[in-house]
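K.L.:
Chains as they are written, first to last, in this note's numbering: chain V, 1 to 110; chain Y, 1 to 131.
If you're looking for bench data, these hints aren't it; they were derived computationally from the structure. Be aware that one or more of the hints could be misleading.
With a straight-line cut-off of 27 Å between C-alpha atoms, the simulated DSS-like cross-links for lysine-lysine are [claimed, not checked]:
{"no.": "1", "chain 1": "Y", "residue 1": "LYS27", "chain 2": "V", "residue 2": "LYS52"}
{"no.": "2", "chain 1": "Y", "residue 1": "LYS27", "chain 2": "V", "residue 2": "LYS102"}
{"no.": "3", "chain 1": "Y", "residue 1": "LYS40", "chain 2": "Y", "residue 2": "LYS110"}
A few chain V residues that face chain Y, going by a derived Cβ cut-off under 10 Å, partial list only [as the list claims (entries may be wrong)]:
{"no.": "4", "residue": "LYS7"}
{"no.": "5", "residue": "GLU8"}
{"no.": "6", "residue": "GLU63"}
{"no.": "7", "residue": "LEU67"}
{"no.": "8", "residue": "TYR71"}
{"no.": "9", "residue": "GLN84"}
Fair warning: this is a prediction, and the values are worked out from it, not measured in the lab. Positions of the beta carbon are idealized from the N, C-alpha and C atoms, including for glycine.
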Amino acid sequence: MGAVAIKESYIDTLRAFGEVDKLLNEAVEEYLIGRIIERIKRARQEVQAFEKTYGMNYSTFAERIQLDGDYYEQVNQSHPLWEQDALEWKYWTEEISDWTEKLNSILSKS
Amino acid sequence: MDRETEQHLEQILTLARQSFSAVEIIKYDISEERALLKLKCTCEHRDVFVTEVITQRERWYSYYLLESKAILIGLDNYPDRPALRLKYGDTFGQHLHEPIPHIHTENKQKLELTEEQTFADFMQMVSDFCR
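Just chain V, same shape as in the assembly (with noise of 0.2 Å):
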């Protein structure tokens, strides 16, 4: 547990409401979920964008570019700047999957 600091204001007005320990632990928790599902929606559009360019997801991808040479050669061929995507996608992949189980974490809890 930490200590936060709260207008005396508010806790008075919480009290009318119940126990304030419980119901500031109740608006914070509503309030993550609300910022990780913006998160999570904003990383899946960045994700979105790519998958539509290059037709497939980021593993698949890498997967591709590093193991079918005539994939590599492909890509080179009609995205030269392919490394640059390859690494911001990577980047909002990886959102995607730690806000998604830091979500599942405070909703398994609650």
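Once you've looked at the hints, dock chain Y against the given chain V.
P.N.:
Same frame as chain V, now just chain Y:
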């Protein structure tokens, strides 16, 4: 990410603004586990594309200088097929997730392995190239 990461990205931005023109921030994102900076700028009549990703364990980069869509310099550490093969030969499949610093030149017709490079190293190369 920590304050150090933010400072690192700010430093790249400052260097880019000092040396290049029309610096455009395409993406700037700092999250809990990683950070991303993506820039586009120009150096005289040439285009510069920069992507930097910092994670808790690694730094990934891709710095490119283009002239009329032809790649003059491409510095990155993405573990692509020829770079992996050059470094590890037939056992490259065991190193697929490892950063492999390398340079592309001659419109990606030539690839050589390098030491890990920074944005400042890239700027020096661009400066030498444009001289």
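K.L.:
All the hints need checking, so say for each whether the structure fits it.
P.N.:
Structure-based check of all given hints:
For the hint pairing Y:LYS27 with V:LYS52, the CA-to-CA distance comes to about 19 Å; that is within 27 Å, so the pair holds. For the given pair, Y:LYS27 sits about 24 Å from V:LYS102 by alpha-carbon distance, which is consistent with the 27 Å threshold. The straight-line distance between the Cα atoms of Y:LYS40 and Y:LYS110 is roughly 24 Å, inside the 27 Å bound, and the hint therefore holds. Hint on V:LYS7 is violated. Least Cβ distance to chain Y is approximately 27 Å, over the 10 Å limit.
At about 32 Å, the closest approach between the beta carbon of V:GLU8 and any beta carbon in chain Y exceeds 10 Å, and the interface hint on this residue is violated. With a least beta-carbon distance of about 8 Å to chain Y, the hint placing V:GLU63 at the interface is held under the 10 Å criterion. With 10 Å as the threshold, the beta carbon of V:LEU67 comes within range of chain Y, its nearest partner Cβ sitting at about 7 Å, so the hint holds. The beta carbon of V:TYR71 is positioned within 10 Å of a beta carbon in chain Y (closest approach about 9 Å), and the interface hint is therefore held.
Using the Cβ-Cβ criterion of 10 Å, the hint placing V:GLN84 at the interface with chain Y is satisfied: the shortest such distance is roughly 5 Å.
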